[in-house]
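*Asks:* Chain residues, written in single-letter form:
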Amino acid sequence: MSPAVTMMLMAYVQPHTSTLGVIVAACFASAMITVMYWMFHVPHPVSADVARVRRSLDVTRLILVPTTGAPYSQRGVELACRLAEEQNASIVLVFVIEVPRTLPLGAPLENAEEEARRALEVGRQVVALHGLPVRSIIQRARTAGDGIIAAAADHRADLIVTGLASRGDHGHPGWGHTADTLLHRASCEVIFDRVPPDTAS
Amino acid sequence: MTEASAAPGRGVAESGLRRDVTVWGSYMWGYADVGADIYAALGLVIASAQGGAVAAFAFAGLVYIMIGLAYTELAATYPVAGGGQYFALRGLGDFWGFVAGSALLLDYTIDIALFAVASSGYINFFFPAASKITVSFGPFHEVAIVWCLEAVVLVILLILLNVKGMRESSLLNEVLGAIDIVSESTIIIIGFIFAWRPELLSFQWHQQLAHWNWRQFAYGASLAIISFVGLESISQAAQETRRPATIVPRTSISLILTVFFFATAFSSLSLGILPWQAFVGREGDPVAMLAHSIPYIGMVAGPFAAVLGATILLISANSGVMSASRLTFSMSRFHFISEWFDVVHPKYRTPARTIMIFSGIGILQIILAFLAGRDRALEILGNMYAFGASTGYLLVFIALIKLRFTDPFSPRPYKVPLNIQIHRKGMTYEFPVLAVIGTLGVSMILLMVVLTHEIGRIAGPSWIIACFIYYAIYRRKKKLPVFGALPHDWEGQQQQVLEDAEEFDLLERYRAALATRDRARIDAEQ
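Protein sequence lines, in the order shown, are assigned to chains V and X. My numbering puts the first residue of the first sequence at 1, with every later residue one more than the last. My numbering puts the first residue of the second sequence at 1, with every later residue one more than the last.
You may find that some hints are simply not true.
[Said to hold, decoys possible] Derived contacts from chain X toward chain V, CB cut-off under 7 Å, selection only: (1) 188; (2) 189; (3) 193; (4) 194; (5) 196; (6) 198; (7) 246; (8) 250; (9) 295; (10) 301; (11) 303; (12) 304; (13) 512; (14) 514; (15) 516; (16) 518.
[To be verified] Okay, the calculated bits of chain V under chain X, using three or more residues with CB under 8 Å as the criterion: (17) 14-24; (18) 57-63; (19) 66-75; (20) 136-147.
Please keep in mind that the hints were generated in silico from the structure rather than gathered at the bench. Please read all numbers here as calculations on a predicted model, not as lab measurements. Heads up, the beta-carbon is just placed ideally off N, CA and C, and yes, glycines get one too.
Just chain V, with the same shape it has in the complex (with noise of 0.2 Å):
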């Protein structure tokens, strides 16, 4: 080392505090804290057991929402759409109008078609701010467990969520039939919604 070079290194050798070394070693010691902090907070261990049910419903792509266009039926509208958000699943929302038997299926019923569109409107409003893939379908059928069961073949629905009116609940068609036909004759999981008496409407 030249004789500059030792001069200078002896100069430099001297305690000197500054400000700016002073915030750089405070910012340096935080850093390496916080660093160290969050590498050792690992999440805890999720088990087996507990993975496989948290991710059974991953698979879960497509759910079927029957609406009738009633509150308690656009609710279970919202809870399929919270239920398909992780796995960003599509939601087929299907109103079914029964026709009677004294009509053919083809029948023109211009009110219940009417009735369709508003309630399959709300319901894909409801689905929009979810932002998830919808489509909506008006199904024909004889009775509206029938209907739903067609829909949900066609469209190989994994899901089926529906709203239940409670017993009781008046102005709307009951679902006790409707209920028992998905529970006895669905090929896919079923979740059903019944909202208690005094909140129905």
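We have chain V already, so just place chain X on it with the hints.
*Replies:* Just chain X now, kept in the frame of chain V:
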């Protein structure tokens, strides 16, 4: 069907390696390499880049961060032994997996040799006469025989430690690494508080700008980039890490940040305390010299820094032993090298043969390097270091890009940021822009290595060609394709790996993704 293709699932699921590396152990496997590189690189970089050393470290740090993030994603997604070799195999096929493996194997064997030599050099701080004892025989002059023997003995000790088991060698890393981190942090904090002069740093930077030399800067930056190998070590240990998909992203990202903090802090501190000229000719112990210049602790800094350097360099050599043995173990599992290496020790359950054989190659490299003369051993070993790393990391970047498209179903607990979503045939792929930038960056480094490293550009390719000749003979003998790929049940292996790693949540996510894909295929066929 050939013997090998009849059992394509072999390789990861049946490895039998114990999972006993903890969070701290995983972090320390990486730090063992990177921490030592700071000790070696600081003086070299400052001597080369001069007043621009902080910028050189920052530039190198950017490339390092990109490589680190790529390794973080891949090691967390595929937590198996093999590191870059396995990633290249998954993404690019058998041949490129072999090329990446042989390049990284070169680095690991040199890692063992280089850091064992450097560690014994620091030990000789207390016995200065030892490194001066030389012998001359035949065409070899001034062979530092004692220093050479010290390094060889260190490697033999590390072999014994690693054969005995992972827990033992992991414990060594953990204890020594902790001491080193505390010590380095102390030097930095006390240095900034009691000795740092920002005006000196500013003055040297402006002087450098006034006489900017791109060649010097590029050379300094390429030296700083040597510290890449640390993250490779973490991915090598992933198969023995508890819950690797959860732990590896944390340890990798922590390591990236720690190294970046240390590199920029040490370079800023150095140029804020001493003129860059003070480091010229003191490349061997820059940290010791820096510590010696700090008030209050300078009195004991010399011996302390020597002990510190010896320990961190020793655990770096130990990390090289671990990584080389596990890489070759993985390569034998995939029929790149003989199955003879594929035997786990019946008592310790460690790949004892691979540990001994490739650490033995490290010993051979030490002897050959010393035969070139006392002052050239470290230079020769260091010269070959960058070639293997650059080649391996280039293939890893390409593999990462391809795997985003060929294997979109494997759950990725961590993803390299900056992605462009591409929707194609009902699938969503994420194109990693950062990996493309990283590919270009590493390509530039590889080009720089070939242009500027006289020994590296000859010895590096020669090593890979020699490995290829062995590979071709072995594969032909086994009637396996040399350039083609064997059938691999990647999906089955991936499930087995995740189950073995007790990453049950990821396992179920993976199964759900495969089920969805299978159903989509059935729907498309109907």
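*Asks:* For the segment 136-147 of chain V, does the count of residues with a C-beta closer than 8 Å to a C-beta of chain X reach 3?
*Replies:* Result for this restraint: violated, n = 0.
*Asks:* Closer than 8 Å, Cβ to Cβ, for at least three residues: run that test on the segment 66-75 of chain V against chain X and report holds or violated.
*Replies:* n = 0 at 8 Å, threshold three: violated.
*Asks:* Given residue 194(X) as an interface hint, is its Cβ closer than 7 Å to any Cβ of chain V?
*Replies:* Since the shortest Cβ distance to chain V is 5 Å, the answer is holds.
*Asks:* Under 7 Å, Cβ to Cβ, is where residue 246(X) needs to be relative to chain V, so tell me if that hint holds or is violated.
*Replies:* holds, 6 Å
*Asks:* With a cut-off of 7 Å on the beta carbons, see whether residue 193(X) makes it to chain V.
*Replies:* Holds, about 5 Å.
*Asks:* Hey, does the residue 514(X) contact hint survive, CB to chain V under 7 Å?
*Replies:* violated, 10 Å
*Asks:* Holds or violated: is there a CB of chain V closer than 7 Å to the CB of residue 516(X)?
*Replies:* holds, 6 Å
*Asks:* How about the segment 57-63 of chain V: do at least three of its residues have a C-beta closer than 8 Å to a C-beta of chain X?
*Replies:* holds (count 3)
*Asks:* Is the shortest C-beta separation between residue 250(X) and chain V less than 7 Å?
*Replies:* holds, 5 Å
*Asks:* Using the nearest Cβ pair, does residue 295(X) come within less than 7 Å of chain V?
*Replies:* holds, 4 Å
*Asks:* Verify the interface restraint on residue 518(X): the C-beta must sit less than 7 Å from at least one C-beta of chain V.
*Replies:* This hint is violated: residue 518(X) lies away from chain V, its Cβ roughly 10 Å from the closest one there, beyond 7 Å.
*Asks:* Quick one, is the residue 301(X) hint okay against chain V at 7 Å, beta carbons?
*Replies:* Result: violated, 11 Å to nearest chain V Cβ.
The structure does not agree with the numbered hints 10, 11, 12, 14, 16, 19, 20 stated previously, though it agrees with the rest.
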